[in-house]
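Asker: Please work from the sequences and hints to get the whole structure.
Residue numbers (the working numbering), protein chains in the order written: chain A, 1 to 154; chain B, 1 to 154.
Incorrect hints may appear among the rest.
[Said to hold, decoys possible] Heads up, incomplete: computed chain A residues facing chain B, CB under 7 Å, no partners named:
#1 Ile28
#2 Leu39
#3 Val51
#4 Phe137
#5 Leu138
#6 His145
[To be verified] Derived pair list, reagent style DSBU-like, types lysine-lysine, alpha-carbon separation capped at 35 Å:
#7 B/Lys141 to A/Lys37
#8 B/Lys100 to A/Lys141
#9 B/Lys100 to A/Lys26
#10 A/Lys26 to B/Lys37
#11 B/Lys37 to A/Lys111
#12 B/Lys100 to A/Lys133
[Claimed, not checked] Coverage of chain B stretches by chain A, computed from C-beta distances (three or more under 8 Å per stretch; other residues unrestricted):
#13 11–19
#14 22–28
#15 51–59
#16 80–88
#17 106–115
#18 138–148
Calculated from the structure, these hints are not laboratory results. Ideal Cβ placement from N, Cα and C applies to all residues, glycine included.
There are 2 protein chains.
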Amino acid sequence: MANDNGDYESLRLQNQVCFPLYACTKEIIRQYTPYLKELNLTYTQYLVMMVLWEKETVSSRELAECLHLDYGTLSPVLKRLDQTGYLTRERSLEDERLLKLTLTDEGRKRKSSAVRIPPAMTECVGLSQEELKTLYFLTNKALRHMESHSGKDS
Amino acid sequence: MANDNGDYESLRLQNQVCFPLYACTKEIIRQYTPYLKELNLTYTQYLVMMVLWEKETVSSRELAECLHLDYGTLSPVLKRLDQTGYLTRERSLEDERLLKLTLTDEGRKRKSSAVRIPPAMTECVGLSQEELKTLYFLTNKALRHMESHSGKDS
DNA sequence: TCCTATTCAATTGTGTACAATTATTATATC
DNA sequence: GATATAATAATTGTACACAATTGAATAGGA
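Answerer: This is the structure in structure tokens:
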């Protein structure tokens, strides 16, 4: 009934949606690199700094949640940012389990240098504002769907 | 003239397009993991296998190009797939620099188990066919733009 | 032919990324 | 108030990911 070609059609690299998503993400991050290098940051570290530039102080737990990263990834990243001198790590007084991260003056200074990164990256990706909005909408929709449908199906 | 809020608006995590792309990619790969574990594959190894399932034999150079991976990533991945017994690595006779990868019977067998992965993943992402097509189009467009505008501007 | 530049691949070093385990602190239950 | 449970981080182990370096094979030019 079904022919062999048709059965395996879905397994072709060209027919995967995730693959260009994966390749595109890596390529964008690669394009970020030279800009971030001037700030002594990696992309992951830049994500942490964006949160701190906005909130000044944040718990490790909040950070893990909003960046979708676990402690195995976050712990060494935070240690490096501490060593670089962009943030401080200290235990919360109310709850000794919580790690409180605070932006340092040195870290705050980098914010003004960072403002030119987003427009440069938008330029580099080569999509229109409309297309970027669509991309933003679709990836967020997929993310929300996967979050609500993973793990805790009781 | 310009207010401080407006200047830094573009630096907020919520206004980044790359971030949901990055988070979404990681989440999809995480969702792949249990399916791929049954085949003894990681996501990167699965990408290599998809190419081999289609072409039976391929050079390392071609693989690096179509998967957008460099040899630093690819070499150990190929070594592991060799150890698992899904492919063989041998030097090309015509050009000793080239590494020729060939699918083994054991590797070929896994293809029939893999066919149920793509529909399961489509389901899991939670986007319509139309939305997936749009996502595919936009990420490929961005990829092509970045490829043609990076490095060799003479 | 000899020399140089290029291509292909592997290796090294740094930095994620995540599952699984461990340790510490808080909370809930009795 | 002692004990079980849950929450928060850190650590360990495996596997990418990529820049930079190295080394071998090939191609191209004087």
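Asker: All hints are to be evaluated individually against the structure, with a verdict given for each.
Answerer: Cross-check of the supplied hints:
Contact between isoleucine 28 of chain A and chain B, as hinted, is supported at the beta carbon level, the nearest pair being about 5 Å apart and thus within 7 Å. Using the Cβ-Cβ criterion of 7 Å, the hint placing leucine 39 of chain A at the interface with chain B is not satisfied: the shortest such distance is roughly 12 Å. A least Cβ separation of about 6 Å between valine 51 of chain A and chain B falls short of the 7 Å threshold, and the interface hint therefore holds. The interface hint given for phenylalanine 137 of chain A is violated, since its Cβ lies 9 Å from the closest Cβ of chain B, which is over the 7 Å cut-off.
A least Cβ separation of about 5 Å between leucine 138 of chain A and chain B falls short of the 7 Å threshold, and the interface hint therefore holds. Because the closest C-beta pair between histidine 145 of chain A and chain B is about 3 Å apart, less than 7 Å, the hint holds. This hinted pair checks out: lysine 141 of chain B and lysine 37 of chain A have alpha carbons roughly 26 Å apart, not beyond 35 Å. Distance hint between lysine 100 of chain B and lysine 141 of chain A is unfulfilled; the C-alpha atoms sit about 41 Å from each other, more than 35 Å.
About 26 Å separates the Cα atoms of lysine 100 of chain B and lysine 26 of chain A, which keeps this hinted pair within 35 Å; it holds. This hinted pair checks out: lysine 26 of chain A and lysine 37 of chain B have alpha carbons roughly 23 Å apart, not beyond 35 Å. Our distance criterion of 35 Å between C-alpha atoms is broken by lysine 37 of chain B and lysine 111 of chain A, whose separation comes to about 42 Å. A distance of roughly 43 Å separates the Cα atoms of lysine 100 of chain B and lysine 133 of chain A; the hinted pair therefore is violated under the 35 Å criterion.
Chain A is given as covering the segment 11–19 of chain B, and this holds because 8 residues of the stretch bring a CB closer than 8 Å to a CB of that chain, at least three being needed. With a threshold of 8 Å between beta carbons, the proposed coverage of the segment 22–28 of chain B by chain A holds, since 7 of its residues qualify and at least three are required. For the segment 51–59 of chain B, the proposed coverage by chain A is satisfied: 3 residues have a C-beta within less than 8 Å of a C-beta in that chain, meeting the threshold of three. With 0 residues bearing a CB less than 8 Å from a CB of chain A, the segment 80–88 of chain B misses the requirement of three and the coverage assertion fails.
Look at the segment 106–115 of chain B against chain A: 3 of its residues bring a Cβ nearer than 8 Å to a Cβ of that chain, three or more, so the hint holds. With a threshold of 8 Å between beta carbons, the proposed coverage of the segment 138–148 of chain B by chain A holds, since 9 of its residues qualify and at least three are required.
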